[in-house]
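Please build the complete structure, drawing on both the sequences and the hints.
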Amino acid sequence: MKGTSPTGRSAAEDEPDDTASPDRWRALVVLAVALSMVVIDGTIVAVSIPDIVADLGLDLSTAQWVTASYAVVLAALLLTAGRLGDRLGRRRLLVAGVLLFLVGSLVAATAGDAGALIGGRLVQGVGAAAVLPATLSTVNATFRGRDRAAAFGVWGAVISGAAAIGPLLGGWLTTSFTWPWIFLVNLPVGVLVIVGAYLWVPETRTRIDVPGLDVVGLVLSALGFGALVFGLIEGESLGWWRPQADAQLLGLTWPRSAPVSPVPVLVVGALALLAGLILWEQHRARVRRSALLDLSLFAIPTFRWGNTAAMAVAVGEFGIIFVLPLFLVNALGLSTMGAGLVLAAMALGAFVSGASARHLAARVGAPQVVVIGLVLELVGVAGVALLTSATVSPWLVAAALVVYGVGLGLASAQLTGTTLGEVPPEESGQGSATQSTVRQVGSALGTAVVGAALAVMLSTTVPSALEDVGLPAAQSTQLAEATSASAGNLISGLRAQGTSSDLGAQGPEVVDALATGFADATRGALGVAGAFLLLGLVAATRVAAAARGPQDTRRRATS
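FYI, in the numbering used here the residues of the sequence shown are 782 to 1340.
Bear in mind the hints are in silico, worked out from the structure with no lab data behind them.
Just so we're clear, the structure is a prediction, and the values are computed from it rather than from any experiment.
Don't be surprised by glycine CBs; every beta carbon is placed ideally from N, CA and C.
Among the clues, some could well be false.
What the hints assert, rightly or not - Label-pair distances were calculated between CB atoms; the ranges are:
#	residue 1	residue 2	range
1	Ser1281	Leu1167	32 to 38 Å
2	Val1046	Gly1308	27 to 33 Å
3	Pro1040	Glu984	32 to 38 Å
4	Pro1040	Arg1067	37 to 43 Å
5	Arg1037	Val1250	29 to 35 Å
6	Arg1037	Val884	33 to 39 Å
7	Val1049	Ser1174	19 to 25 Å
Here it is as structure tokens:
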């Protein structure tokens, strides 16, 4: 009999069933390249921001949105895109997503002002939202048995390693050429992906046996996730509770004199929308209408706890990627390329361990590999935090990041397969889109929460470090506020000026004090990232416990 999910999906058309086709491995290469392209673009901009700011004359808030706009659109549209792939065909959605991504890349590369650049990033985000669930759901629908475990391992290694290698690639392209090349490099890669998709990637889709299109669910999902991520990202600039300045939202002005910032209003509104989404999806299931989200998937323990762990891993990874480049460039005085090289240590560890994770999983089981990976991530983050100072050797930081990267590769490579392992193939689009959404919300949360922690700590560590310099109180306060507002860029500017700045002979001493304060704040921010990784470790142990149940049942059935 044909299996049908509570949302009416049938496995009958989740082709191809013949996993012996040799093209499936070529298809996996195409999917991995497409995935790496959109994942790298989430982090490649980080080390190039100073050059972009100087070239286009951006302020700090606008510069933040060059990065943030991509994550906002991804989080808002992933569930919708996964559902469309199930209905219209996943290869078709993949190709359409890559085309949109290339259009956005071209717009961003040729941008002459902030509006065009952010517009290009938004279009990139729409394309990436189509590509991410299409790649994972195609893997889930195409591979079976041991091949599926190996394919999931490759997918997990790519998503962790590609995110980590983005800063290195961005540093190299910006230093060797110019910043538009961080976007132009996508054009030839995207063309190759489209050609490879038509040659080797099979078209898979899921037949929808129940009527209707869940338009209300699509709207609630997009608005809810979009508002949540927007609020988290803008919390520091708009004010977490009290307004920092007049804010322009949808053509309306939120005045500084308002009793509350728009951020808590947005977050509460987002949570209300997402609660409404859950209630609406439950209603759609009861009346047997097509639904965007199959809530029954969360009854699967490995899926429920696996997504919790995936979000925690994303928070830690993207929080670290956000904070460390600022520390390396501003506090340690490294170049853009130098910062990229240090962060490449994380990518090196992730790629090596991700590729070998399946061999370890064959011995101890995939869920245990996830636990081991998260333990190593915690050790790596703790090492970086303990080493962080204004005088630390960048190579010591890189060594600790290798440990973190090894853990990241192990956890990410096996977490995907473990989370989706019990999900029926007919629900692969739904399951993969849900996990991708969780990862993207986690990435935005990491940037927002860890970035906010850095800003809060700068307000205490920098004034404390300046106390011994002997500056007037008003000048110390001004320097501390400017350091926080510029995310540390003030330090680099004063370092370049030496004794010729307004500080005169005290310039180098002030730079040392500011770098010390920034290092102390970075250490605290890394502690916040570590706290989320600890949460992920707890969730991973629950995944391992849940996975042992089906394994024990299968052993008893075969004994």
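Fill in: Assessment of proposed distance window 19 to 25 Å (beta carbons of Val1049, Ser1174)
violated, 46 Å
Discussion item. The hint says 32 to 38 Å between Pro1040 and Glu984; measuring C-beta to C-beta, is that right?
Written reply: For Pro1040 and Glu984 the Cβ distance comes to about 55 Å; the hint is violated.
Worksheet entry | 32 to 38 Å as the expected CB spacing between Leu1167 and Ser1281, which holds or is violated | Between Ser1281 and Leu1167, where Cβ atoms are some 36 Å apart, the hint holds.
Worksheet item: Does the Cβ-Cβ separation between Val1046 and Gly1308 fall within 27 to 33 Å?
Response: holds, 30 Å
Worksheet item: Honestly, do Pro1040 and Arg1067 meet the 37 to 43 Å range at C-beta?
Response: holds, 41 Å
Worksheet item: Are Arg1037 and Val884 spaced within 33 to 39 Å by their CB atoms?
Response: Between Arg1037 and Val884, where Cβ atoms are some 38 Å apart, the hint holds.
Worksheet item: Do the beta carbons of Arg1037 and Val1250 sit within 29 to 35 Å of each other?
Response: Given a distance of about 32 Å, which is inside 29 to 35 Å, the answer is holds.
The structure is inconsistent with the numbered hints 3, 7, although it conforms to all the rest.
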